[in-house]
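Novice: Spelled out from the first residue to the last, the chains are:
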Amino acid sequence: MKFSLIEFFKLNTSLRRLWLFYMVLPLAIVYTLLGILSISGFYFDSEKRLEDYRETFLAERKNQVRSFVTLVTQSIEDIPQQQAVEMVKKLTNSMNGSLWIYDGNGAVVYHHTGVRQEEKNVVSPKNAGDATSLQELTKITGDKGEGFLEYTTKEADGSVHSRVVFAKTIEKLNWLAAADTGTSDVDQMVTAERSRIYKGLAFLVARTFIISLIAVLFIFWILRPYVDRFMTEPVKTFVTTLKNAQNDLTVRIPVKEKNEFGEIAKLFNAYMGNLLDIMKKVASSAGDINIHANDISGAVQQQASVTTEQSAAVTEITSTMEELSASSSQIAEYSTSVVDNANKTCDDLKTGAESVSAVIAKMEEISTDNDHSIQEIYELGKRSKEITKIMEIINNIADQTKLIAFNAALEASSAGEAGKRFAVVAVEIRKLADSVMESTGEIEAKINEIQEAIERLVITSEKGSKGIKGGIEYSGHTSELLIEIVDAANQTTDSAKQISLSTQQQKTASSQVLNALKEIMTGSTQNTDAINQITSIATNMALLSDNLKEAVEKFKIE
Amino acid sequence: MTFGRRDRSILFTPAHSGYMKSGQGFSAAQTNELEILVFALGGITLGVDTEQVGGVIPADEAEALGMKLVPFSEKIPLGEKPERLQAPKALMINDVTPYAVIIKSPDDILSVRLDSIRPLPPLLAACNACQAVWGVAVREEGIIILIDFLRLHDIHNQNNNTHLAFLNKGGEATT
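From first to last, the protein sequence lines stand for chains E and X.
Each residue of the first sequence is one higher than the one before, starting from 1 at the first, in this note's numbering.
Each residue of the second sequence is one higher than the one before, starting from 1 at the first, in this note's numbering.
Hint data in this document are derived by calculation from the structure and do not stem from the laboratory.
Mixed in with the good hints, there may be bad ones.
Examples of chain E residues toward chain X, derived with CB under 8 Å [claimed, not checked]:
no. : residue
1   : Ile397
2   : Asp399
3   : Thr401
4   : Leu403
5   : Phe406
6   : Asn407
7   : Ala409
8   : Ser413
Calculated cross-link-like contacts (lysine-lysine; reagent style DSS-like; alpha-carbon spacing at most 30 Å) [claimed, not checked]:
no. : chain 1 : residue 1 : chain 2 : residue 2
9   : E       : Lys446    : X       : Lys68
10  : X       : Lys104    : E       : Lys420
11  : E       : Lys431    : E       : Lys385
12  : E       : Lys281    : E       : Lys266
13  : E       : Lys243    : E       : Lys556
14  : E       : Lys266    : E       : Lys556
15  : X       : Lys104    : E       : Lys431
16  : E       : Lys362    : E       : Lys469
17  : E       : Lys556    : E       : Lys281
18  : E       : Lys389    : X       : Lys75
19  : E       : Lys266    : E       : Lys382
20  : E       : Lys266    : E       : Lys463
21  : E       : Lys549    : E       : Lys518
22  : X       : Lys104    : E       : Lys385
23  : E       : Lys256    : E       : Lys236
Think of the CB as a built atom: it goes at the ideal place given N, C-alpha and C, for glycine as much as any other residue.
Make a model of the complete structure from these sequences and hints.
Specialist: This is the structure:
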């Protein structure tokens, strides 16, 4: 293989870009991050050492100031004032800084330059104000009686200088002594040391980067043939095969490798085989689907017609069921009324049966009384006949009396004048006999009328008795019939109750059926909509099957 | 019981309007009234002189006494068809005992004035059956046909003899 640097870096394939992106670039990033971490660690360590370095020098300088102030304060406290002033002067002559001493009233007792200069150019810290003022120095000393304050000043030429002041109280005199000294030289030494360290670091980074880059390029150069052999080339083969396939499902990728790409090729070939089979089935099914879609469309249209008729029938049935439900409601109401009437009828029949029983008892009493009356009438007839016999006897007596009177009159007539008075008596007797006979005749006539009336009464009473007995018999039959009617009425009442209950259930069932029919009607409407949708779907499916057929025909499967 | 026989037949002459008792020289000058026993037959009022009546008894009693009964309605066919008599009475005829005339019943005993009695018309008098009627008493209440029981008795006997002769001759009756 001819090595070409341009070709080497030619990232004209996505696989290479991916390889570079997913392997080399992460390595570079990791390496860079590690480098940054190392450099930053080195930087922070260097800064720490520089700070320690500065702190060391600064601490030494602070110790010098503290020692000086301590010496001054001890001198002021321990030796006489004049000697102390002399000693302080000597000490200040040897120091690189300033010294102040304040009394308890804030007055400057001593300043090594004679006049205290105001330190108003303090730039850091800002709250330090006049760092050498009694107020600031009192803050420094605080409760411990001594303290440091670091601050920077800016000179008129713009230069910045670092200084440190130490203040300590002289408790014996209630004075305060403070001294400061410059620390810029310390900062300059630290700056010089930092420059030296960073220069070394830059050299180290550059050297490491170059070495790393060379190493990476070397590794890339070493690995590229292997990558091309085991990765790029199979992928190229895949891509070329697929590009040249042109919907040919019979195309296959040659299996050369036994690695993952070989497995991929095998799987691809198997997948293509399956896809070929599926596509064949799809091609076969597409035609069938088209046929079936047309069949479905026809069947659905027929079903739509049937559903429309069914919907109309359901509508009619619903209307009929509504009427039936209304009729059921009316029947339920009527059946309730029938039950009430049946109960009332049953009660009335029971009352009627009791009344008939009472009528029978009364009629039996009347029959008994009537029999007694008939018997009495018979007895009355017999008595009237006896009266008739008596009247016959009386009539005979009257007739004989009349005959006697006639004979007396005849005798009186034959007696002449002597018998006239006797004749008068005979005439009176005969008239009396005639009157008796007339009366007896009238009595006989009345008795005959009575007897005729008795006979008619007997006949009537016998007829009445027969009628009463017939009435009793009919009343008995009526009572039996009423009892049977009461039983039948009870059965009718029970049946009416059952009918009422059944009609109530029928009413409920009708309502449920009506609701069900309404649901069916709703369902039928939905079914019609669904059928319309199915029709549309079937049409679309036929269209899709055509499209599918066309799409399948684009594939080469034979 | 015995009854005296007295002739009470009445004879009318054209010279006077009164009547005479047959047999004993009865004259209207002796009495102005005649007592008659009145009875009815078929709606017609009949009368008989009380002197010709010996008494009144029930018919069955008269039959029990063995008297000969003369059914008046058969002998004097007046009025309508002879009615069936219940409890008939027997008028015993004086002087011809033991005959009795059967009637329904006597109704009354009246006194009629003799001048109120009229003879039968000649046309009726010629009637054989009317031979026992001797006159008519005219009263305000109506007329009373007067019967002579003795003539009736004679007619009765005559008829019975004719009847016997007829029976003896072989059945050819003559009147």
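Novice: With reference to the structure, classify each hint as holding or not holding.
Specialist: Hint by hint, here is what the structure shows:
no.: 1; hint: Ile397; verdict: violated (13 Å)
no.: 2; hint: Asp399; verdict: holds (7 Å)
no.: 3; hint: Thr401; verdict: violated (12 Å)
no.: 4; hint: Leu403; verdict: holds (5 Å)
no.: 5; hint: Phe406; verdict: holds (5 Å)
no.: 6; hint: Asn407; verdict: holds (5 Å)
no.: 7; hint: Ala409; verdict: holds (5 Å)
no.: 8; hint: Ser413; verdict: holds (4 Å)
no.: 9; hint: E:Lys446 with X:Lys68; verdict: violated (39 Å)
no.: 10; hint: X:Lys104 with E:Lys420; verdict: holds (26 Å)
no.: 11; hint: E:Lys431 with E:Lys385; verdict: holds (27 Å)
no.: 12; hint: E:Lys281 with E:Lys266; verdict: holds (22 Å)
no.: 13; hint: E:Lys243 with E:Lys556; verdict: holds (15 Å)
no.: 14; hint: E:Lys266 with E:Lys556; verdict: holds (20 Å)
no.: 15; hint: X:Lys104 with E:Lys431; verdict: holds (18 Å)
no.: 16; hint: E:Lys362 with E:Lys469; verdict: holds (12 Å)
no.: 17; hint: E:Lys556 with E:Lys281; verdict: holds (13 Å)
no.: 18; hint: E:Lys389 with X:Lys75; verdict: violated (35 Å)
no.: 19; hint: E:Lys266 with E:Lys382; verdict: violated (148 Å)
no.: 20; hint: E:Lys266 with E:Lys463; verdict: violated (129 Å)
no.: 21; hint: E:Lys549 with E:Lys518; verdict: violated (44 Å)
no.: 22; hint: X:Lys104 with E:Lys385; verdict: holds (26 Å)
no.: 23; hint: E:Lys256 with E:Lys236; verdict: holds (13 Å)
Consistency with the previously given hints fails for numbers 1, 3, 9, 18, 19, 20, 21, ordered from lowest to highest.
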